[in-house]
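Quick note, the sequences are listed as chains A and B, same order.
According to the working numbering, the stretch in the first sequence is residues 16 to 205, in order.
According to the working numbering, the stretch in the second sequence is residues 16 to 205, in order.
Nothing false has been slipped in among the hints.
The list treats identical chains as one, so a pair stands whether inside a single copy or across any two.
With a straight-line cut-off of 25 Å between C-alpha atoms, the simulated DSS-like cross-links for lysine-lysine are:
#1 K154 to K127
#2 K169 to K180
#3 K96 to K154
#4 K96 to K119
#5 K59 to K96
For the record, the hints were derived by calculation from the structure and aren't laboratory data.
There are 2 protein chains.
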Amino acid sequence: MNYPNGIKKNYKISTSNRGMNLEEDINESNLYYRNNDIAIIYKKPTPITINKVDYKSRTDAVITEAHFTIPSTTDYNGIYKGKYIDFEAKETRKDYFPLANIHKHQIEHLQKIRECGGIGFIIVRFTLKNETYLLEIDKLSNFLDNSNRKSIPKKYFEQNGYLIKQGYRPCLDYLKIIKERYNEEILEEK
Amino acid sequence: MNYPNGIKKNYKISTSNRGMNLEEDINESNLYYRNNDIAIIYKKPTPITINKVDYKSRTDAVITEAHFTIPSTTDYNGIYKGKYIDFEAKETRKDYFPLANIHKHQIEHLQKIRECGGIGFIIVRFTLKNETYLLEIDKLSNFLDNSNRKSIPKKYFEQNGYLIKQGYRPCLDYLKIIKERYNEEILEEK
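Based on the sequences and whatever the hints tell you, model everything.
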């Protein structure tokens, strides 16, 4: 789908009969986390602006005209071991991450989350190599503060982020990294 | 609008030229909290299932058929003083709160949030008296465990919940109650 500002998002109407993409991997992992009382993290609904609704019957309303709108926050948030979790997830076929793939206000949102004591990061999958990295907002901000580049090299993710292990259950265990990073902090609160 | 299960939600397409309703009061208060670096709390987008998208041009996609879907979680969540906040907000014209107004799995969601160390509650406005109460999930669960009623009397909110002060900025200062309730807990983490 296309956002008003032209940013493309790999939006799927149906997820049947397809290989798993990053969004599906994260949703399945979040379901695993929820079912095992590990964390409660959900993907937010796709933000849209509704223009017309047709009330066909008392129990069925059909939206007949709506537009995709730019998300004001990130796609995913929730709670893990008492800590607020907030992140955005993106795929790229390039061997670098184009900054056009993430909205400036989403980065600012993650920075504010960090200032509020939450855990903010981005998850980026380099699809050609099928490598998925977790990059904390602090490291993302460092890059933006010290570079005028329009993209982040994969090497920066390798050196400043964390490669997320892809397995069976959960298929993308990104909380393993958060647990290791924030272990002390989390233990203190236990 | 009507949900598949018949639960009605007071959905507004346009908010212009109308008196403030509970959702608008909360959104305005959340904006105030964000702008003053007090908390970062957002309303989630309305969950829908998209059936048809018309890609009119490279920069404009129009949803031509979609349906409202039952939300899997609550309408609002975010972070306040490092604590995860999660709640649902409802209006009623009755002098009691019909339990049909809130989904069973939303209540279960709030209970899990509490178990995870988050702060979960519902905000209910009795529109005829224009009184808005915050009722924590524990108190809501207590009522459900000890009653077979299909509704919660307003008196229960008065005795077990907290009347939210309505003012100018923010117009509905519900976090004031959370701050007082969790003050020690929050201070410990400071």
